[in-house]
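Using the sequences provided together with the hints, build the complete structure.
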Amino acid sequence: MGVNIFEFILLALRAAIPAGTPLLYGTLGEVYAERSGVLNLGVEGMMIMGAVSGFAVAHTTGNVWFGILTAALVGGLLALIHAFACITLRVNQVVSGLALTMLGLGISGMMGKRYVGQPLAARLQPIHIPGLSDLPVIGELLFRFDILVYIGILLVPLLWFLLYKTRLGITLRSVGENPAAADALGVNVAFVRYAAVVFGGMMAGVGGAYLSVSYAPAWIEGMTAGAGWIVIALTIFAIWDPRRALLGAYLFGGVRVLQYRLQPLGISPNLLNMLPFLLTILVLWISSGEAARRHIGAPAALMTPYSREER
Amino acid sequence: MMPEDGVVVRMKGIVKRFPGVVANAGVDLEVRRGEVHALLGENGAGKTTLMNILYGIYHPDEGEIWVNGKRVTIRSPQDAIRLGIGMIHQQFRLVQTHTVVENIILGLKEAFFFPDRPARRRILELSEHYGMKIDPEARIWQLSAGEQQRVEILKVLYRGANILILDEPTSMLTPAETHDLLRTLRRMAKQGQTVIFITHKLEEVIEVSDRVTVMRQGKVAATLNTSETNPRQLAQLMVGRDVLFRLEKKPIQPGEVVLDVSGLNVLNDKGLPAVCDLALQVRAGQILGVAGVSGNGQRELVEAIAGLRPVVGGRIAVNGRDVTRLLPRARIESGIGFVPGERWMALVPSMSVAENLILKNYVRSPIGRGIWLDRRAIAVYADALINQFAILTPDRHTPLKKLSGGNIQRALLAREMSEKPSLLIVAQPTSGLDVGATETIWQMLLAERERGTAILLISDDLKEVLSLSDRVAVIFEGQIMGEFLAEQADLEQISLMMAGALRLSDANVVGEAA
Amino acid sequence: MKAPHIRFERRLSSPPGLQVVALIVALLLAMITVGIIFYFLGVNPFVAFQRIFRGGFGSLFGLQETVTKSIPLMLAGVGLTLAFRGRMYNIGAEGQLLMGAVFATGVIRIVPDWPSYLLIPAMFLSGFLGGMVWAFFPAILKARFRVDEVLTSLMLVYVAGELVRFLVYGPWRGTDTRGFPITDEFPLASHIPTLAGTRIHYPTWLLAVLLAVMIYVLLTRTKIGYEIRVTGENPEAARYAGMNYQRVALLVMLISGGLAGLAGTGEVAGIHFRLRPPEAISPGYGFTAIIVAWLARLNPLAAILTSFLLGGLLVGGDAIQIALNLPAATVQIFNGVILLFVIAADLFAQYKIRLEV
Chain A
1 MGVNIFEFIL LALRAAIPAG TPLLYGTLGE VYAERSGVLN LGVEGMMIMG
51 AVSGFAVAHT TGNVWFGILT AALVGGLLAL IHAFACITLR VNQVVSGLAL
101 TMLGLGISGM MGKRYVGQPL AARLQPIHIP GLSDLPVIGE LLFRFDILVY
151 IGILLVPLLW FLLYKTRLGI TLRSVGENPA AADALGVNVA FVRYAAVVFG
201 GMMAGVGGAY LSVSYAPAWI EGMTAGAGWI VIALTIFAIW DPRRALLGAY
251 LFGGVRVLQY RLQPLGISPN LLNMLPFLLT ILVLWISSGE AARRHIGAPA
301 ALMTPYSREE R
Chain B
1 MMPEDGVVVR MKGIVKRFPG VVANAGVDLE VRRGEVHALL GENGAGKTTL
51 MNILYGIYHP DEGEIWVNGK RVTIRSPQDA IRLGIGMIHQ QFRLVQTHTV
101 VENIILGLKE AFFFPDRPAR RRILELSEHY GMKIDPEARI WQLSAGEQQR
151 VEILKVLYRG ANILILDEPT SMLTPAETHD LLRTLRRMAK QGQTVIFITH
201 KLEEVIEVSD RVTVMRQGKV AATLNTSETN PRQLAQLMVG RDVLFRLEKK
251 PIQPGEVVLD VSGLNVLNDK GLPAVCDLAL QVRAGQILGV AGVSGNGQRE
301 LVEAIAGLRP VVGGRIAVNG RDVTRLLPRA RIESGIGFVP GERWMALVPS
351 MSVAENLILK NYVRSPIGRG IWLDRRAIAV YADALINQFA ILTPDRHTPL
401 KKLSGGNIQR ALLAREMSEK PSLLIVAQPT SGLDVGATET IWQMLLAERE
451 RGTAILLISD DLKEVLSLSD RVAVIFEGQI MGEFLAEQAD LEQISLMMAG
501 ALRLSDANVV GEAA
Chain C
1 MKAPHIRFER RLSSPPGLQV VALIVALLLA MITVGIIFYF LGVNPFVAFQ
51 RIFRGGFGSL FGLQETVTKS IPLMLAGVGL TLAFRGRMYN IGAEGQLLMG
101 AVFATGVIRI VPDWPSYLLI PAMFLSGFLG GMVWAFFPAI LKARFRVDEV
151 LTSLMLVYVA GELVRFLVYG PWRGTDTRGF PITDEFPLAS HIPTLAGTRI
201 HYPTWLLAVL LAVMIYVLLT RTKIGYEIRV TGENPEAARY AGMNYQRVAL
251 LVMLISGGLA GLAGTGEVAG IHFRLRPPEA ISPGYGFTAI IVAWLARLNP
301 LAAILTSFLL GGLLVGGDAI QIALNLPAAT VQIFNGVILL FVIAADLFAQ
351 YKIRLEV
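Chains as they are written, first to last, in the numbering used here: chain A, 1 to 311; chain B, 1 to 514; chain C, 1 to 357.
Calculated directly from the structure, the hints in this document are not laboratory data.
Cβ atoms here follow ideal geometry from the backbone N, Cα and C, with glycine treated the same way.
Any given hint could turn out to be false.
Claimed, not checked - Incomplete in silico selection of chain C near chain B, CB under 8 Å: (1) Lys223; (2) Glu233; (3) Arg239; (4) Tyr240; (5) Gly242.
Said to hold, decoys possible - In silico SDA-like cross-links for lysine to any residue, where the CA-CA straight-line distance does not exceed 20 Å: (6) Lys270(B) with Ala300(A); (7) Lys109(B) with Phe191(A); (8) Lys165(A) with Pro118(B); (9) Lys223(C) with Arg396(B); (10) Lys249(B) with Glu439(B).
See the structure below:
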């Protein structure tokens, strides 16, 4: 082949990073939600609602940031419903999440109808990083992204640090591990879970908005195309760690965007697409043993509602 | 201000009622500064309830609490902590995957960033001060039970507690760890901490406490200086001298050995030994009652015999046949009936009375035919049991959970007895039942005895064991401390054995006529 | 000062009457909520509801389509009532359905020349097997290693989807498809007969009703059904009574997977006569089947009715799509809202709920 391998990797990265960015936002949010003990299968619904509301507001106001902010609020609002259902009402987390995904897909379709095929005047522009962006080849390929990409990257160390090196992180992880212990020490378990779930929804909303105001940029019905489910898989694949979420998001973002370019090399794109889901099953299997669970640190109270009365 | 008499905790006339039970019936307690105060009593005597009230988990229905000379209302554990009261529960409340430091600072307003750094120093100081060695960076799951308990104690000390409540702190510990703990408690008292120590073990009271309050049936039996008392007196206070029910029991010549357990070893849920080299025999037409404070291996013993818990050593034989390795179904078929102490593990509350009655025999004719359940046979069978055992229910279709406690237990016993077992294991048969229901259940058990069934009875209620049994064995820490004929029972001896302070040598075992 | 909080007291019993009332109230509230959403999205809810009702139930054609769409919902939904009764939360019916379609198509590729009376039963058997295979993995992982079946069965939905895509874009792509990612049309002998002038492939419908009755009988009249119910209600009691948990777990998962597989078979052999990309074969029947089962209070006979209702909703959704120019996903709003209110209704039937200030 004529393409040299170095150039290929750079090209792949240039495609994979934007494609992985919505996954990254969603996964970082879901890591926090699941760390608090709540599984949110509504991510797909929150992403698509973020995408449509972000686009709508950006389109109407002409200000892309209003759009992103709205997407975060809308995602957070949907997540609030999930939190109320699972934490306060203690209904089945799986069913509630599925219902919210259905709801999000349905409402976004109706809301977005009038925006189909509309161009977006206000969209995120690549930003110019003095020095880096001017580097030959590399600068052109890797340092010409828009701000949301960089914010996503910066969020990784930030959220990792918050999770492991701060009081907040200790509290959050305790609530997902042993809510009774946290409760006994005066931690408000319900509040922490609400906050984590709503944060997760906001991140999903932003991830969705990135698709519609930057990546596409357009509104297409069902444009998340299952990204929310990959987020669920990635969260587990990343073993609930923001650092691995970055790796996973770019890897599987790359798989999604590069699938058709890899086809001539004899790699089936569809088989590649199975990878995140199969790897997730593998991680679940490995972490099923108590000893392994402790080593890799899967949240022990995931999917378990907590109530003080039921002692 | 410290009051003159040095009393830091004063509880006056504490009453706490739960549905159907009065856990504390007017309790007075005084604890002095710098002492180790033991709270002694059998299970259900109300010790833990009293301490949960002091710690703010329960709220008393009546009574007053004074801490450091001030009348206080303690609404939550957080209130208690603010008053300097800390409680270490029997079940540790630790986040397994977190480090020791992370567990200790959880819920505190420490520095937001790197909150563990200043904490680590202080934890090392505390552990040095009280002689409790701990690695602050270790993860909880890597620690032994004794070390985990140290973390719980440090958690409380770190929050500035000077009154420590420990609920049965030695129940999870090895003898060496117990020794370490008791030494630490003495050291803490010497340095001005006040320690309240809930236990049912006499030797620990003698070894570690300055004063002891003995509780019985929700009331205080006595408060004594430990140096002025002895195990014998404490045991008497613990058990009391209640008049025994004398039940009409037909004399029966015991038959062949039905249950023969030898060298039995079983582990508890934590993987620690719960039953140790235990041996016992039950004969046809005989009730063997196992007395003991709960949590001494009774549950593990009966579950092992029923096949619900793996046996790590020893042999269980029923009618001469080794059943040690058989699955639960095969044990049922070999003639074992089982009424567990946790009734709900043997019942399906949401299903009908009839469907609960067939839980054991649904596999066999006439109920089970091929792959089918014979609905007519179920109706006949269920109605017959409902009549025969006078189970009070609107009809056989009523969900079981709608019945009263006594009738639920009657249904459970009826089912197990209708199988005509050669061995019937019955645990806590009357717990939570009223007097009338208790009487009926006892009559049912005696009738079963007359039928020639070997009955193994486990109960926390000593009266029940002594009233029903032909022979009594006392269990302590998974071992039989002694066995004797029920009519020759000596309460004082029994209470000493229950507390692990006396063990009859084999020569002392009262022989059996058969 | 304490924040107000909600307290739950478990009811000693939840009378069946209360459950039905709670369910009806939930459905009404769901409709009102959907109406409000429609209103805010600029659609007159009364017009929309009328169109949906007319579309799904108000005409002969609508009813025919409703029955057609109720077939896969019924098959998968009945299977799920069984799984949920045994406390196996199989939410991967969609994947099992797709695998049923794949396995049924496999039969065509191996023995395309068989006569109808052999080919159609062979496809159903194979489809059943396909669904079973797909349910086997979550089942065995749960039974042997206690791996949560919710996530594994869900993950396998997407693996199945990619597998179907792989087949129709790759090795199974037809020779005469003008570039579409579909297989060649199945031989005529494999087409499940339909009622004249409709798309109702009635043998599948009859099979679904028969299976609903059989599962009902299995649950209520057989020993294994009794074991399933006991295991689902109280696994500890099941162990106490000597029942085999692994056997029950595997059985209910495999049967529910198999039934979803039959649904997939019906779709490719009764509607499409080809294997097509996953979204063309199923608009989420496997997920809607969860609502079918839940709405039926996990009663397989009631699932016959609830699958008809939700089938009608799907058809009605198609109707407003055309009439009011709304997107296809609109009907998902109904699904989501109904599901939310139905699980909330469960809660109200089981608990007394009071707000404490």
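Against the structure, the hints come out as follows:
The criterion of a C-beta within 8 Å of any C-beta in chain B is met by Lys223(C), whose closest approach is roughly 5 Å, and the hint holds. With a cut of 8 Å, the hint placing Glu233(C) at the interface with chain B holds, because the nearest CB-to-CB distance is about 5 Å. Of the supplied interface hints, the one on Arg239(C) holds, with its beta-carbon coming within about 7 Å of a beta-carbon of chain B, less than 8 Å. Restraint check, Tyr240(C) versus chain B: the minimum CB separation of about 5 Å is within 8 Å; hint holds.
Hint status for Gly242(C) relative to chain B: holds, with the closest Cβ pair at about 3 Å, below 8 Å. For the hint linking Lys270(B) to Ala300(A), the alpha-carbon distance of about 17 Å falls within 20 Å, and the restraint holds. Of the pairs offered as hints, the one joining Lys109(B) and Phe191(A) holds, with about 16 Å between alpha carbons and a cut-off of 20 Å not exceeded. With a CA separation close to 13 Å, the supplied pair Lys165(A) and Pro118(B) stays within the 20 Å bound.
A C-alpha spacing of about 19 Å is found between Lys223(C) and Arg396(B), which places the hinted pair at or below 20 Å, so the restraint holds. For the hint pairing Lys249(B) with Glu439(B), the CA-to-CA distance comes to about 13 Å; that is within 20 Å, so the pair holds.
The structure is consistent with each of the numbered hints, conforming to all of them.
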